[in-house]
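**Student:** Sequence:
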Amino acid sequence: PITYYMDPLAGLAMILGVSFTSIFAGDIPATFLRIPGTPASAAAVLDGFEMSKKGKGSLALTIDLICSAIGGLVGVLLLIIIAPPLAKFALKFTNFQYFWLGMFGLSMSAVLSTGNNVRGLISAVLGLLVSTVGIDITTGFPRFTFGNIELMGGIGFIPVMVGLFGISEVFKNVKTRAHLTEKTINDKIDISIFETLLIVWKRKWILLKSSFIGTFVGALPGAGADIAAWVAYGIEKKTSKKPEEFGKGSIDGVIAPTGANNAALGGTWIPALVFGVPGDSITAIVLGAMLMYGLKPGPLIFQQSPDLVKGIFAIALISQFFLIPIGLLGIKAYGRILSLPRNIIMVFVLIFSVVGSYAIRNSIFDIYVMLFFGVVGYIFENLNIPLAPMVLGIILGPMIEDNLRVGLIKTGGNYLPFLFNC
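Heads up: the sequence shown is residues 1 to 422, going by the working numbering.
Hints are supplied without guarantee of correctness; some may be wrong.
[To be verified] FRET-style restraints, in silico, Cβ to Cβ:
| # | residue 1 | residue 2 | range |
| --- | --- | --- | --- |
| 1 | M14 | K175 | 36 to 46 Å |
| 2 | G153 | R119 | 27 to 37 Å |
| 3 | L197 | V118 | 36 to 46 Å |
| 4 | R119 | L197 | 37 to 47 Å |
| 5 | G413 | P142 | 20 to 30 Å |
| 6 | L121 | I193 | 40 to 50 Å |
| 7 | Y358 | G413 | 38 to 48 Å |
| 8 | N148 | F104 | 26 to 36 Å |
No wet-lab data here; the hints were simulated from the structure. Glycine included, every Cβ here is placed at the ideal spot set by N, Cα and C.
Work the whole structure out from these sequences, hints included.
**Tutor:** What follows is the structure, given as structure tokens:
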């Protein structure tokens, strides 16, 4: 609302600045506390938090920060250079291709469940089931709501994610009461940026590959940074010479998703600017702001408002450079806070988890959802059932189901086009 009274370019600068820095901000609690701040930060939990437990949380976040900035730069540069041709290719995707993209993403659950594929499959299927709760978009009838009005709108992803990763961690710490008075982390806060750059440089091809994957996935309308992060993580783990290290504090496992999710933000702007089709929910908000200013995104915007387009490109580039100094301050501040005793931190984790879950839809019911999935996450971890496949199922479930059903409506129930039109 603040931007309504601002100059269009200034207003867009504020919104774009927030959007291009929000994912890294979400990676900070994901790495230190195992609570993803955004859906796109969920993949950063897997190895970032493991590094944090080893006293390398600040190192993980500094690597994350550099990869986020470089990935963002790659995404924006590709946006500037190849926006029109890539957007045309992305818009050729039909329901059949989107269905298989979702299935490919879901297949990453097998990669994320090393040595435990059956339990990973169980987790992914449960995630898919959770994604079906609510109003059926095809028929308009409620599904799995059990007469509860609160479930009509579906189960919110943020409360589920906070419960699975954050509240389950609180439960684990309550169980080990003897360690509650210890420091939350014993971390080396002062990390050399040059040493970290050297670490990233040795893995530059991983970062570049993930950035290209992120940009491509981001350019697909509706895919977004969260899917890009999981796809990049899964591909990197599959092609790595040391896949057994992923999920145990692997630096490669930090680089892949963090480079991809920020690159995806640049990718989402490709269909948004060229065709007026938002790549994800964030660009949908920015497109709404552009319409509020009387600007019409689409092919003509390059002729009608060339200065504005150049301004958007410039803001996107500058945001990546501001991300590093601001991010370093955030890492140091968070690191010092986490030197407090664990019992104090867990209280704040619980408070912020409750507030965050409630604030999404101003619903007390979402707090119950968060607590329920906190118990689910705690039980799953005790049974050695991986949580990441469930998150993938929840994220990709709507994409898979919607495109499958719409595709079947188009073909009159014929499944063959899904095999031969992809």
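**Student:** Which earlier hints turn out false for this structure, listed by number in ascending order?
**Tutor:** Of the numbered hints, all hold.
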